[in-house]
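Chains as they are written, first to last, in the numbering used here: chain Y, 1 to 336; chain C, 1 to 310.
Think of the hints as simulated: they come from the structure by calculation, not from any bench.
Do not rely on the hints blindly, as some may be mistaken.
Below, computed lysine-lysine pairings styled on DSBU-like, alpha-carbon distance capped at 30 Å [what the hints assert, rightly or not]:
#, chain 1, residue 1, chain 2, residue 2
1, Y, K137, C, K303
2, C, K303, Y, K281
3, Y, K281, Y, K264
4, C, K125, Y, K15
Now for the letters of each chain:
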Amino acid sequence: MERILEVKDLRVNFKVRGGIVQAVRGVNFHVNKGETVAIVGESGCGKSVTAQSLMRLVPSPPAVTTGSILFKGEEVLTKSLRQMENVRGKEMGMIFQDPMTSLNPTLTIGKQITEGLVKHQGMSAAAAKQRAIEMLKLVGIPNPESRVNQYPHEFSGGMRQRGMIAIALACNPSLLIADEPTTALDVTVQAQIMNVMKDLQVKFGTSIILITHDLGVVADVADRVIVMYAGKVVESGKTRDIFKNPKHPYTRGLLESVPRLDQKKDEPLIPIYGTPPDLIKPPAGCAFAARCKEAMRVCLPNDPALVSVEGEDHRAACWLNHELAHPISSEGGESA
Amino acid sequence: MIRFLLKKLFYMVVSLFVLASATFFLMKIIPGNPFMSEKEIPKAIRAMLEAKYGLDKPLWSQYLTYLNNLIHLDLGMSMKQQYTTVSSIIGTGFLYSLQLGIFAIILSVTAGIVLGIIAALNHRKFLDTFTIFIAVLGVSIPNFVVASGLQYFLGVKLRWFDVAGLNDPTDYVMPTIALAVLPAAFIARLTRSSMLEVLTADYIKTARAKGMSGRIILYRHALRNAILPVVTYIGPMTANIITGSVIVEQIFGIGGLGKFFVNSITNRDYTLIMGLTLFYAVILMLARFLTDIAYAFIDPRIKLSSRKEG
Numbered sequence: 001m002e003r004i005l006e007v008k009d010l011r012v013n014f015k016v017r018g019g020i021v022q023a024v025r026g027v028n029f030h031v032n033k034g035e036t037v038a039i040v041g042e043s044g045c046g047k048s049v050t051a052q053s054l055m056r057l058v059p060s061p062p063a064v065t066t067g068s069i070l071f072k073g074e075e076v077l078t079k080s081l082r083q084m085e086n087v088r089g090k091e092m093g094m095i096f097q098d099p100m101t102s103l104n105p106t107l108t109i110g111k112q113i114t115e116g117l118v119k120h121q122g123m124s125a126a127a128a129k130q131r132a133i134e135m136l137k138l139v140g141i142p143n144p145e146s147r148v149n150q151y152p153h154e155f156s157g158g159m160r161q162r163g164m165i166a167i168a169l170a171c172n173p174s175l176l177i178a179d180e181p182t183t184a185l186d187v188t189v190q191a192q193i194m195n196v197m198k199d200l201q202v203k204f205g206t207s208i209i210l211i212t213h214d215l216g217v218v219a220d221v222a223d224r225v226i227v228m229y230a231g232k233v234v235e236s237g238k239t240r241d242i243f244k245n246p247k248h249p250y251t252r253g254l255l256e257s258v259p260r261l262d263q264k265k266d267e268p269l270i271p272i273y274g275t276p277p278d279l280i281k282p283p284a285g286c287a288f289a290a291r292c293k294e295a296m297r298v299c300l301p302n303d304p305a306l307v308s309v310e311g312e313d314h315r316a317a318c319w320l321n322h323e324l325a326h327p328i329s330s331e332g333g334e335s336a
Numbered sequence: 001m002i003r004f005l006l007k008k009l010f011y012m013v014v015s016l017f018v019l020a021s022a023t024f025f026l027m028k029i030i031p032g033n034p035f036m037s038e039k040e041i042p043k044a045i046r047a048m049l050e051a052k053y054g055l056d057k058p059l060w061s062q063y064l065t066y067l068n069n070l071i072h073l074d075l076g077m078s079m080k081q082q083y084t085t086v087s088s089i090i091g092t093g094f095l096y097s098l099q100l101g102i103f104a105i106i107l108s109v110t111a112g113i114v115l116g117i118i119a120a121l122n123h124r125k126f127l128d129t130f131t132i133f134i135a136v137l138g139v140s141i142p143n144f145v146v147a148s149g150l151q152y153f154l155g156v157k158l159r160w161f162d163v164a165g166l167n168d169p170t171d172y173v174m175p176t177i178a179l180a181v182l183p184a185a186f187i188a189r190l191t192r193s194s195m196l197e198v199l200t201a202d203y204i205k206t207a208r209a210k211g212m213s214g215r216i217i218l219y220r221h222a223l224r225n226a227i228l229p230v231v232t233y234i235g236p237m238t239a240n241i242i243t244g245s246v247i248v249e250q251i252f253g254i255g256g257l258g259k260f261f262v263n264s265i266t267n268r269d270y271t272l273i274m275g276l277t278l279f280y281a282v283i284l285m286l287a288r289f290l291t292d293i294a295y296a297f298i299d300p301r302i303k304l305s306s307r308k309e310g
């Protein structure tokens with residue numbers, strides 16, 4: 001399969017007053033053409049920074065990004081600002097979390113769609129407007145002919161996010177980065193938005209990177225899942241493998257903390273206790289060890305590598321998968 | 001739109017009425033009258049003068065006469081300057097103040113916004129610190145210091161401009177600068193803080209993600225959103241500037257409105273006080289009205305019809 005994006009050893013450091021925050025600490029992953037890759041993890045694990053650094057949208061300074069991002073065979077990190085402008089919007093589109101704040105309140109929706117078309121595809125204003133109406137129709141906005149002249153405040157939250165999708169996909173980019181696109185929306189609207197994205201993915205053959213902490217959405221749409229914790233990938237693999245056979249305690253914790261329909265009323269949800277580590281001084285060993293129920297002596301000083309585990313393309317970074325560790329299925333893993 | 005205009009107009013008339021009445025009675029409360037001077041005037045002459053200006057009548061009668069004249073847009077004769085109507089005093093004075101004011105407004109708005117943007121784009125760098133330092137100076141140095149400073153350096157030392165008067169076009173330079181410094185500094189600070197806020201907004205990130213160039217992001221996306229607080233300030237500022245500055249006009253020897261304002265009060269020139277107060281109020285209201293309309297043009301979320309009287 002054609003790899004459209006290949007990220008190697010991506011590191012993003014933020015210089016702050018207290019030191020250097022290592023937001024992303026050596027992330028590797030790839031995205032194939034036409035597939036949906038979900039990046040999951042709790043707040044502050046580096047998933048948004050990873051996503052934004054793909055388009056070089058992380059403000060720099062204070063951020064310093066190193067490593068390699070190959071997009072369609074070209075290195076993104078060494079491109080000039082002008083070259084980046086021709087990648088952003090044209091080759092990669094981005095949808096943000098909060099549709100209430102990510103649209104410009106003083107410009108019509110139409111204008112916000114057409115400005116990209118005029119810039120990247122050299123369309124005339126009239127042609128671009130026609131295309132904008134078409135896009136609004138595609139994302140399921142009724143009366144696109146009149147809606148195109150309206151301002152964001154005349155749209156509801158769900159409609160705005162549809163508008164955002166129209167903006168992001170207007171130039172038919174090869175990669176769509178959706179940064180928690182449904183988090184700020186009503187549950188009923190969430191499904192609609194995901195459906196719009198899925199439909200358009202099929203229509204245009206767009207690859208999607210979906211950043212989310214909603215595992216329900218992931219199960220629904222993602223082909224592959226990347227689980228991030230404390231700025232690193234802790235597990236990655238096919239969606240099915242991740243859900244059926246998670247190989248990292250953090251992934252299992254995430255899955256257990258989701259309420260299930262078949263759960264009994266008095267059965268409590270199982271949270272992951274504690275908070276992620278301070279990324280100014282990340283721990284030397286496994287970053288999850290402090291919160292891990294199955295942590296072993298080896299975990300504290302030694303950081304486990306992301307290695308292949310059972311299942312195709314399935315990788316996890318956990319000592320429990322080491323041949324010398326207890327089988328995960330057995331009770332308690334405190335001895336190493 | 002028409003309903004909005006009518007509503008505005010109605011409120012303006014009501015405010016003017018309240019203001020006119022308040023000024024009228026306050027003025028009467030101030031001790032003294034126009035015909036008091038160091039030299040005692042003979043009683044007979046004083047009675048004649050009072051009769052001439054209707055000051056011998058009871059207060060309510062004076063008030064009604066005054067209101068009646070006002071409705072007919074008659075501001076009366078000045079009590080101190082013989083044979084001069086209040087309207088003609090305002091007319092000549094305002095001409096100077098307006099001319100100077102317009103120059104000062106153009107200068108302060110352009111300089112303020114440009115400096116504010118420069119500062120915001122160079123946030124926490126040298127240019128930002130430097131601009132803000134200048135702005136703080138501009139806000140804190142009183143304009144009579146600026147005015148005399150300009151006179152001394154540009155007028156006396158360098159001899160670039162005439163020290164006072166308004167005869168040549170170049171004579172406008174120093175008073176304009178003196179008038180513009182404070183509002184320019186204020187606008188620069190407003191623009192800077194407003195821009196800094198807007199530049200971190202999500203929709204700016206969206207614009208960058210669309211591949212828009214820095215210039216388009218600045219002008220199309222950021223500035224229009226950041227300018228609203230500045231417009232709010234520009235409205236009343238306009239009224240303030242074009243009605244004349246007492247100090248600057250005094251220093252540069254310009255016969256603008258500001259000078260008359262102070263003189264009319266010390267002279268107890270009743271009709272002139274009333275006329276100037278109302279004139280100032282009308283200008284202020286017009287400025288605010290225009291601000292409201294400007295809002296609606298800049299920010300589509302603001303609709304004229306739904307805006308409450310502010």
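**Request:** Check each numbered hint against the structure and report the violated ones by number, ascending.
**Result:** 2 and 3
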